[in-house]
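Let chain F serve as the given structure and place chain W on it in line with the hints.
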Amino acid sequence: AQSVTQPDIHITVSEGASLELRCNYSYGATPYLFWYVQSPGQGLQLLLKYFSGDTLVQGIKGFEAEFKRSQSSFNLRKPSVHWSDAAEYFCAVGTFTGGGNKLTFGTGTQLKVEL
Amino acid sequence: DVKVTQSSRYLVKRTGEKVFLECVQDMDHENMFWYRQDPGLGLRLIYFSYDVKMKEKGDIPEGYSVSREKKERFSLILESASTNQTSMYLCASSSPAGNQPQHFGDGTRLSIL
Chain F
2 AQSVTQPDIH ITVSEGASLE LRCNYSYGAT PYLFWYVQSP GQGLQLLLKY
52 FSGDTLVQGI KGFEAEFKRS QSSFNLRKPS VHWSDAAEYF CAVGTFTGGG
102 NKLTFGTGTQ LKVEL
Chain W
337 DVKVTQSSRY LVKRTGEKVF LECVQDMDHE NMFWYRQDPG LGLRLIYFSY
387 DVKMKEKGDI PEGYSVSREK KERFSLILES ASTNQTSMYL CASSSPAGNQ
437 PQHFGDGTRL SIL
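The listed protein sequences correspond, in order, to chains F and W.
Take any residue in the first sequence, note its place counting from 1, add 1, and you have its number in the numbering used here.
Take any residue in the second sequence, note its place counting from 1, add 336, and you have its number in the numbering used here.
Derived by calculation from the structure, the hints in this document are not laboratory data.
We put the CB at the ideal spot given by N, CA and C, even for glycine.
Be careful, since some hints might not be right.
Claimed, not checked - Quick list of the computed label-pair ranges, beta carbon to beta carbon: (1) P41/F to V348/W: 18 to 24 Å; (2) G63/F to S343/W: 45 to 51 Å; (3) G399/W to T56/F: 20 to 26 Å; (4) E415/W to E21/F: 40 to 46 Å; (5) S343/W to G54/F: 36 to 42 Å; (6) S81/F to E415/W: 31 to 37 Å; (7) Q111/F to L449/W: 46 to 52 Å; (8) K406/W to G42/F: 24 to 30 Å.
Claimed, not checked - Examples of chain F residues lying across from chain W (beta carbon under 8 Å, computed): (9) R23; (10) Y26; (11) Y33; (12) F35; (13) Q43; (14) L45; (15) L47; (16) F52; (17) G101; (18) N102; (19) F106; (20) G107; (21) T108; (22) G109; (23) K113; (24) L116.
One chain only, chain F, in its complex shape (with noise of 0.2 Å):
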């Protein structure tokens, strides 16, 4: 079955700094990959998603995110974060079962921003 671990479950940067959010996933076949960001009393927003082709993906707000399957990782970048990054992030792996596409969560991860 699939999985996605999400390694730091809080992580603190400073205004300006550059990002890096971890995913590694557990998957046997080649997987859909999304990073969603929530903000606090919201529903969960798509940043970001990866099916085929390039392993950078660019998405919304400045993130991108970098596919490595020799390292079973996706992990999300942005290079000089905000004060409205602030939110807490999740990581995804789709499985297309016939019917439709179902998504695997990670557990998040909790983004603060020092000003």
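Below, chain W without anything else, positioned relative to chain F:
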């Protein structure tokens, strides 16, 4: 823009009550999902539906049921609410293609007293 609307942002119910959580989407999506979100556990899939009147169990279906009578509406039912069902509940929808993301509502924070 996809809109997934959950009927209540906050809900307080009593132990033993039958509770209905409603979700409506406006994008004609075939697939709809119910998750619960708890601190440190991420999102866990309760039930999902690939089409009208179809439902499948997710990872934690115990104590829950669902109803999908119309394509745009997916209801989560707590048959007899218990305090361990206090949680944030999130609804999502998507088209059936494997490479399509799920779109989420803002969630219902449910407290069972």
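Now for the hints, and whether the structure bears them out:
Under the hint 18 to 24 Å, the C-beta atoms of P41/F and V348/W, about 20 Å apart, fit the expected range. Distance hint for G63/F and S343/W: a CB-CB separation of about 34 Å, inconsistent with the stated range 45 to 51 Å. The hinted range of 20 to 26 Å is not satisfied by G399/W and T56/F, whose Cβ atoms lie roughly 41 Å apart. Between E415/W and E21/F the CB atoms are about 44 Å apart, so this pair conforms to the stated range of 40 to 46 Å.
Checked against the given bound of 36 to 42 Å, the beta carbons of S343/W and G54/F, roughly 39 Å apart, stay inside it. About 50 Å separates the C-beta atoms of S81/F and E415/W, a value inconsistent with the hinted range of 31 to 37 Å. With their beta carbons about 28 Å apart, Q111/F and L449/W fall outside the hinted range of 46 to 52 Å. As the Cβ distance of K406/W to G42/F is approximately 28 Å, the hint placing it in 24 to 30 Å holds.
Look at R23/F: its Cβ only gets to about 15 Å from chain W, farther than 8 Å, so that hint breaks. Below 8 Å, beta-carbon pairs count as interface contacts, and Y26/F has none with chain W, the closest being about 13 Å; its hint is therefore violated. Against a cut-off of 8 Å between C-beta atoms, the interface hint on Y33/F holds, since the closest Cβ of chain W lies about 6 Å away. Taking 8 Å as the C-beta contact cut-off toward chain W, the hint placing F35/F at the interface holds, the least distance being around 6 Å.
Because the beta carbon of Q43/F sits about 6 Å from the nearest beta carbon in chain W, less than 8 Å, this interface hint is met. The interface hint given for L45/F holds, since its Cβ lies 4 Å from the closest Cβ of chain W, which is under the 8 Å cut-off. Annotation: interface hint on L47/F holds; nearest CB of chain W at approximately 5 Å, less than 8 Å. Taken as an interface hint, F52/F checks out: its beta carbon lies about 4 Å from the nearest beta carbon of chain W, inside 8 Å.
Given hint, G101/F at the interface with chain W, holds; its Cβ is 4 Å from that chain's nearest Cβ, closer than 8 Å. For N102/F, the shortest C-beta to C-beta distance to chain W is roughly 5 Å, which falls under 8 Å, so the interface hint holds. Residue-level restraint check for F106/F holds (minimum Cβ-Cβ distance to chain W is 4 Å; threshold 8 Å). A cut of 8 Å between beta carbons decides the hint on G107/F: the least distance to chain W is about 6 Å, and the hint holds.
Satisfaction of the interface hint for T108/F is found here, the shortest Cβ-Cβ separation to chain W being roughly 4 Å, below the 8 Å cut-off. Interface hint at G109/F: satisfied, since its Cβ lies 5 Å from the closest Cβ of chain W, which is below the 8 Å cut-off. A hinted interface residue such as K113/F counts as satisfied when its beta carbon comes closer than 8 Å to some beta carbon of chain W; here the least separation is about 15 Å, so the hint is violated. Taken as an interface hint, L116/F does not check out: its beta carbon lies about 25 Å from the nearest beta carbon of chain W, beyond 8 Å.
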